[in-house]
Every structure is written in structure tokens, then in C-alpha cells.
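> Below are the chains, spelled out letter by letter.
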Amino acid sequence: MKTMNKLIYFILLFILNWNGINAQVNVCFNPIFNGNKLELNKQYFIPNSTDSIQIETLKFYISNIEFFNNEQLIFKEKNSFHLLDAADSTTFNLPVNFISKTWFNIIKFNIGIDSTTNYGGALGGDLDPTKGMYWTWQNGYINFKIEGKSNLSFAKSNDFVFHLGGYQNAFSTLQTIQLPVQNSQVISINMAIDKWIYEIDLNKQNHIMSPSKEAVILANKLSTIFSVSK
Amino acid sequence: MKIKTIVVSCIIFLLFAFVSADGFLFTTPKNWPKPIYNFKKNQLTDSKILLGRVLFYDPILSRNNTISCANCHSQYTAFTHVDHALSHGIDDRIGTRNSLALMNLAWHRSFMWDGAINHLDMQALAPISHHDEMDENIKHVTEKLQTSKIYPLLFYNAFNDSLITGENTLKAISQFMLILVSANSKYDKVKRMEVSFTKQEENGYRLFKQNCASCHTEPLFTNMEFENNGIPIDSLLNDIGRKRITQNNQDYLKFKVPTLRNIEFSNPYMHDGRYKRIYEVINHYTNIQKSKTLSLKLQKPIILTSNEKVDLTAFLLTLTDKEFLFNPKFGFPKEVLLK
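Chains A and B, in that order, are what the protein sequence lines are.
When you line the first sequence up against the working numbering, it's residues 992 to 1221, in that order.
When you line the second sequence up against the working numbering, it's residues 614 to 952, in that order.
FYI, nobody ran anything at the bench for these hints, they're computed from the structure.
We put the beta carbon where it would ideally sit given N, CA and C, even for glycine.
Everything hinted at is true.
So, partial list: chain B residues that the calculated Cβ filter (under 8 angstroms) puts toward chain A:
#: 1; residue: 732
#: 2; residue: 734
#: 3; residue: 738
#: 4; residue: 739
#: 5; residue: 742
#: 6; residue: 752
Derived pair list, reagent style EDC-like, types lysine to aspartate or glutamate, alpha-carbon separation capped at 16 angstroms:
#: 7; chain 1: B; residue 1: 802; chain 2: B; residue 2: 815
#: 8; chain 1: A; residue 1: 1136; chain 2: A; residue 2: 1047
#: 9; chain 1: A; residue 1: 1028; chain 2: A; residue 2: 1076
#: 10; chain 1: A; residue 1: 1028; chain 2: A; residue 2: 1079
#: 11; chain 1: B; residue 1: 752; chain 2: A; residue 2: 1117
#: 12; chain 1: A; residue 1: 1122; chain 2: B; residue 2: 756
From just these sequences and the hints, can you work out the full model?
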């Protein structure tokens, strides 16, 4: 009985001393094209030209979401693997159960799937290979997938297909993004898809479907398109 | 009191047996290395193994339900494709490589002739999706399984969930492949001092250790490495081997060293099945042409007299494990698939 009382005493002490935060933080991603929210299959005209482009598929992984207070890691989401698919806008809103003593001012996350997870065998949820984001002839997740049409592409039906993936050394396409954020329960992150795709010369390059130097170059450019919307 | 002690120690023993990495369904043969496969993430159970075995033998994995894993990996030929130099898949299409024999897979850290696959669980995705093999995709496979008469119950029994996912499908197939352990050949029995080699086999074993064992390392009879064994490239197939994966020139014409266990039944040999008989393979190794990426272990010529070649062959035949080749536990699950 004595030990029971002690236990209750410690639990009460803990609760009374807990001034921490336990809140839902919504991390929202907004893919942007020509100034507005990206719409799939919409014909967009490339500024100052008569060329056009339309996006038919946009799917990518956001993983390992971490919150920092300056340099200090204060919260890390568990099993942090999210497949975002432009065909289902609900997947662009990631609710995180944030628990920490202090609030954060920096958010960090990966675009893609880390090497350890790529070696992890069959996984479920958003990592299930039925999600269409896993290469089969050679192992590995596709970190970022974008497909569409443009008159600039000479491929069949003017298609372009970029499947960016690869997790081994020189061909690693994983990107880590770090953004300063304001104290808020809604973090809204813009992704300038137009900026990224306009940098590709679709005349010369209209597909990537395996780990390669070219995939690494395009993946590196992804890291510049994220910004926190005010 | 005594009875009580015995009962308690039995319970403790059983508890430990359950928590051991291998468990009852998989045991590491004596003096073998520790398996690479992480059984903790996919613990073997009878119902999962049965599900994996049914999937392995069911052509439902292919686009038009005609080709099963067993088509190119039949038990009686050490789980490879008998009489086929190159694997033969859906719509009579022919692949570019000889299907590998399946055994002792828990000890492998990569799969396929070029090591393209990094984990046993993900292995089955390659043949399921390959245009010349099953020409299907895993999402559609799970949809077909979900609407079948037998699978929702088999998945429920195995995973306590009748919702069929890619993850569970692949894990079940892994479970069946993991129990395909071949460790009961004459060679193994000699090692366990149960029987002894003939003089000829003994001499063959000596020659084997001198000339072959650096790549075909005991007890698995492969060092799991990628080597160029000196066979010239087939200009029609133009298969560059491991370089396709690493894009590194040093890996040009390198292929994974295959196991020699059950070699008597796993013909034809080499990544493109170019040799039908064991003597052709041995003759290749005694006539190696030098090339840029030739294995360092083959730089010194291998010289064998014709008698020595016969002795070496006699030893290689001691790697046949009939219990493995004819074990009904690994065979077609007629009790489920023919119901």
C-alpha cells in the first residue's frame, strides 16, 4: 500500500510540473504553378512563350519530420513517412502530434526515403510497394515522381516522365529541407513546382526512370523550391 | 518437488526456444554463419509459411494467371528452371538470364545475378513485374488475391487481417523461401562425421579446396561476391552484369557467385545457362581467357588432369541433398490449390 501511495504521489508531481506542449501541428504542403495552386491536367502557358505544360501526376515522399528550437532538436515524428499525391489533396495536409516542453522555430524534413529504410524489406502503410512508388527491376523507392505533357517534349504523345530515386552513395537523391517557421499550429509550405520544371530543358530531357547522375541533379534542384507561406 | 523443478525448467526452456532468433521453424545448421535475414521483423509461423508456399505455386501472380514462381524455380531441380538456358516466362517470352537456384536464401545480403535486389522481401517484385516473366504489378496482384476464394482466409490466418497488402504478400513469400534450407547432402553428413567420402570424393574435395573454394566458399559454397569468371560476353544478350547496377566500369561482366549445392540438378550453368554439363564448366575454368575485370582469384591458371576432373566432379555430386529436393513440405500445396 505504501508503494502505491508513493506511485500516486510521483504521478501527481509529474502532472503538476508538466508545463509542456501537447498539440496538433498541421504541416501543409501547397504545390504552386504560375502563381496559383497546382491543378492536375490543366494547360499552363510558360511565361513569355507560346509553349505549354500540363502536370498529370505529382507524387512524392515527405519523411523524417523534425522540429527544432534554434539548434536543438525538440521533437521528432515517429514513423514519419508520408506519401503526398496531388490526385488526393488530403494527403498534402500532415497532422503531427507535437509533444515537447518548448515551442519550435525551425522545421526539418526529407523529400524521399532514407537509405536505411530502403534496405528495410517489405514495409506497410505509405511505404507499401502497391503504392506505385517502388522500383522492381532494381530495389529502391521513387522519392519524387512527376509526369505530364508539354509540346517541348519530343517523346511519344509529348510526354515527360521524371521518377527521381536512388539511395546508394553517388546516386542518392534524398533531400533534406530546413525552413524557419513562426510559432503556429499550421505550417504552410509552398512548393514552386513551376520554378523547378522550367529549369529543365524538356527539348533535351524528357524522362528519368532510374538512379543516375541526372536524377541527382534534378533532385538537388528540388531543395530550392520550398518556402514558408506567410 | 523434483517434478516441479522439471516442469519449471521445461517451461523456461520452451520460453527461450520461442524467443530465439531462429525459433522452431528455422534452425541454423551446425557450424554455419548467422543468417543475414532479420527474422525479428518477419517472424516465421506455420500459417505464414503455408501462405507463402501457396503464393509461390499459384500462377495468380502473373498477368494472365499462367506463370507461377515454380515455373522457373521447380523443386526437383533445386528450385531452378530445368533444361532452360534462359528463363521462359509469360506468352512464351524468353528472358536474358538463367534462373537462379533457390536455397539457403537467409544467408544472402543481395539477390539476382547482378545483386539488383537488396532484401529477400523485395525479390519477388522483380519477376512479378518483369515484362518477360509475369508481366503483372503488385497492386493488381493484391486486388486479385482479395477477390479470390481462398486468399482472404489464408491472409487472415497468417496475419490476423483479411485485408491483403503488398507488405504481407511479400513477407509471406519470403517466409516460404527462407525455409528452403539445404544442409543435408553427403558432404554435410561427412562434415558431421556420419558417413565418409570415397577416395575419389576425398581427392575431389582436396582439389576443390585448392582451386574453387575461394569463391565457392563453404559451407554455403558461395562467397556472395560478384566476380568476372572469364566467360566471354554473349554479343546477342550483351549482358554487362553488375555494372548495370553500380554503373562502375570495374563491375563490367561481374555476376554473383552462385552456390554449388545441388549442382547435379541445377543445370544448365552460368548466368546465361551456356553450359549444360558439369564437365563443360570445369573445362571452362581450366581454359580461362584473361580480361580486364577477370576475378583476381582466377589470374593463376587452374590445371587439372582428366582424372582430377573426374574426382572433382565426384566431389561436386556429394553436394546433392535429396531430402531437400524431394521434401514434400516444399512441394506444390495441392491440399489448398486443388481444393
